[in-house]
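Chemist: Could you put together the complete structure from these sequences and hints?
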Amino acid sequence: MSRRLVVVLFLDLVGWTRLAERVDPEPLQRLLDEYYEICSAAVEEHGGVVEKFIGDAVMAVFGADTSQEDDAPRALRTAMRIRAEVRDLRTPATDAAPVEVHCGIAAGEALVTRSARAGIRVVGDVVNLAARLQSLAVAGEIIVNETVAHLARPHYAMVPMPPVALKGKAEPVPVLLVTGEAADGGAGEDSLMVDRGAERHRLRRIYHRVARERRAELVTVLGPPGIGKTRLVREAVDDLVAAGARPVAVFGSCQSYGTAGNYGALVEMLDALTRRAPSCAELLRADERIAAVLAALRDASLPRRAGAVPGPGVEEVSWATRELLTAAAGDPLVVVWDNLAWAGQSLLRLIGELMDGLRDLPLLMVCVSRPEPAGRDASQEADASQEADVIEVGALVPADSARLAFSLAGRGSGDEVELHGLDLAEQVDRVALYSAGNPLYIRLMMDWLRNGRTVDEVPPSITAMVGAMIDRLPAPGRRLLGAASVIGPSFTLEQLALLGEPAPEAAVAELAGRRLFRATEEEGGYRFVQQPVHEVAYGRLEKEQRVSWHRRLAEHGFSPGFHLEAATRLLGGLRPDDAELPELARQAAGALLGEGTVALRQRDVPTAIGLLGRALVLARGGPDRCRSVAAVRLSDALMLSGDTRGALEVAEEGPWRATSPPALIRVQRLLLAARLGKVTAADVAGLRAALDGLDGLDGLDGEEPDRSARCRFEQLLMLIHLDGGRFGAAEEAACAALDHARGVGDAYEEDRLLVALCEIRQWSPSPMAQKLAGCAELLERFAADRFLALPALAARARCLALTGDRSGARSALTEAESVVVQLRLTLGRVLVDQVAALAASLDGEHAEAERRFGRAADALEQAGYVPVALTMRVQAARECARRDRPDEAARRIADLLVRREEMDVRGRILCLTAAVLGAAAQGRAEPMRAEVLRLLRNLDDPCLRGEVCFDLARAHRCLGEGAEARTMAGLAAESYAAVGAVKPLEAVRAWI
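862 is the number that my numbering gives to position 862 of the sequence shown; each next residue is one higher, with no gaps.
Simulated from the structure, these hints should not be mistaken for lab results.
Check each hint, because a few of them may be wrong.
Pairwise CB distance ranges, derived in the manner of DEER restraints [stated by the list, open to error]: (1) His208 with Lys52: 53 to 63 Å; (2) Ala57 with Ala579: 27 to 37 Å; (3) Ser818 with Glu544: 52 to 62 Å.
We put the CB at the ideal spot given by N, CA and C, even for glycine.
Modeler: Printed below as a string of structure tokens:
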């Protein structure tokens, strides 16, 4: 329960009561269902929640869970989208009239409560006010209170209405009518820069501090759209150059439309860096891996065909970016991230990592964003010890607005002159007042004044003004503008030709001359100069045309997931019963599933969650196969992000909530339960019987879906066997799962299983030759992804150490250490420490082994992996004993024995064995030896069996039990010999 500022949206259908009197309720219900779906989708997409449906009325709330600085504009965007989309519906009456809504929006303080039964509930006068404003609006109108108007300007144009008397209000309430949507963008680069001296001076001062102290700093530049943030930063850099400074300044701009939000800006920045800094170009020539990462990023950033093979993982991207920035840091660096409000979480995280890892470089990182939470995430991702400077860019004062308007009119003073028969000073005053100090609005309005327009002719919203600008273009220019808008903020001549634009070069050059486009670094590439032009041009296209162009781009491999999803959404709005819609949705879901899976294989988890979630939504009405795989992959991604609850909800409450779930989902549910330690033998037996008894369950037909389910079922068995210390059985299950994955061509599952198999084989009865062959296969497969190659490197080092190849083991460990350092893998360090400790112990370097085991235990404990951490503590204590420090080792083992039920099987048996050996060294027979023998019977890790048996042999000898000692030593030798563990085998034989 909390008291907060919320924005409440009320809307309902016009003439519903009269319609209900004339039409049968069944077609009315179908209309209502379509209307509810439009409302729900729009509210959810803009971050709101539907609080209730009341007949034909809908109440939605923005800011109920988490307040956003733009909750009011979100509510307005939602209302306008619903208003536009419901007009495509038709009433079931004989006249088939278009459907209209009327809306009321109010912002104010309310009490927000949430319960499992009732969900979110909002209590307060603001709810009643929104409902009353809605009743005042006529068809198609949106009426708001003053608070909404204050929060939403300059995003929306509004006109005051006569104050209204409302029941329960002592005074008439001021209300406003929303007349249209404003636009955003940046001021012209060639216009006068006014009233930014203080901000520019502050940026220059921070730069000089960075250059002098050679320490990285982060600056966030915040301001509303069109206020001149980017222009401010560029002017500050120009000031530095003019003053004799030598900054290496590079820019990367995020896109709000399409799929390149993470990589487009990064590639733009890195390409600029390699052009500006010769040392970077030299590094690319010298280091093929960095060049390959950059090339793969460049491919991923373009709206090209979605490849089946993933690019570099996020760790490689971070490493390559750090290396390039470090190489360029001979001179101070200025890295500017523009439009950061559109950045994906992966890019924001990367910026934070760069600031954390490059503190000692002369690097000024400038994040340019709207005043929204996303714009601040980069500084939050950075280490908390580094406080970011924030520069707020506000609106121009009226005098500066007028000065800018005069300069754009081609005059440098306020002398009154005629501009197309109008008084310039009068027009400038009106522009300055209307613009609310936004340089973009001023520039757009003055463009029209120069073209013979007047302020009176401009609609009361920037969006309408941009629409008028588009209408003034020749017909070919309007069509080209629309085609480019479907492609995205950036496009190429090749793509325009694909959409049927004849000889687009000349037409694009003409629009570039009008400052609507500008050329990019890509050959034949352009981008919109102003975001509003792109958005309005897209919105003004007929939906049929948009559907056609989106589908054509997808068919030719340009961002198929994004374009097919857009086409599905548009076609669904146009013709919900269209026979092509299910197949189009299936294709879109499949494309998004493929792209999400690639992101998941690259461990770009935030991107994967977004893509897979969208795929699941589109797949709800399609075949079970696509739905099931999308849900399983989304569940995997959520588990990787740490959202266990979300992973469970996807499997438990997906589109099959009211039906019997497919086999793959049933297996996934049990697999998640096993990870949480909540699966029983009866559960597994029941699922096995279901899989064995049916070719497919509940809609799964054919072999392929069943093999996917069986692949996951074998993984379930693998986890259960591992938990019981049955490594041979776990290996068999992993191999069976791998066969199923390969049978259906599932590279994602194959990757996961190969890594798991490499890990399991370290402890299984497989011979060392087979283990090493598996490592070699993985190292070849993951040559371009060192994150996935790391387990194979560690396993290879362990196997070589056990076979007595000391130099080979050291070489593999050195390579693994390099990967851990370069990719900054905390848990990868744990893996390397474990293997390095084993190798040191086998070589008799017990102090080093103890140190490595102890460091691994510390890291695991900090990460919350208590059972494995305790095992590392046991190993460290055993190394302490081998250093002839029996008393200290005994104390540590005694402390650990108390916690042995928290340990995994390996830790428990090693701890008990250490206690038995320690007691025997003091001449005492330890009764826990019986428990060791019981655990030993179920243990199929030969090296662990050998270690335990050898410890028991030494204990028997200490107690004078020669025959028993020889028996146990023989068992140890047999265990080591069975897998080819030459090094410990030699130690046992020497002891015998």
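Chemist: Please go over all the hints and tell whether each is borne out by the structure.
Modeler: To see whether the hints hold, each was checked on the structure:
1. His208 with Lys52: 53 to 63 Å: holds (57 Å)
2. Ala57 with Ala579: 27 to 37 Å: holds (33 Å)
3. Ser818 with Glu544: 52 to 62 Å: holds (56 Å)
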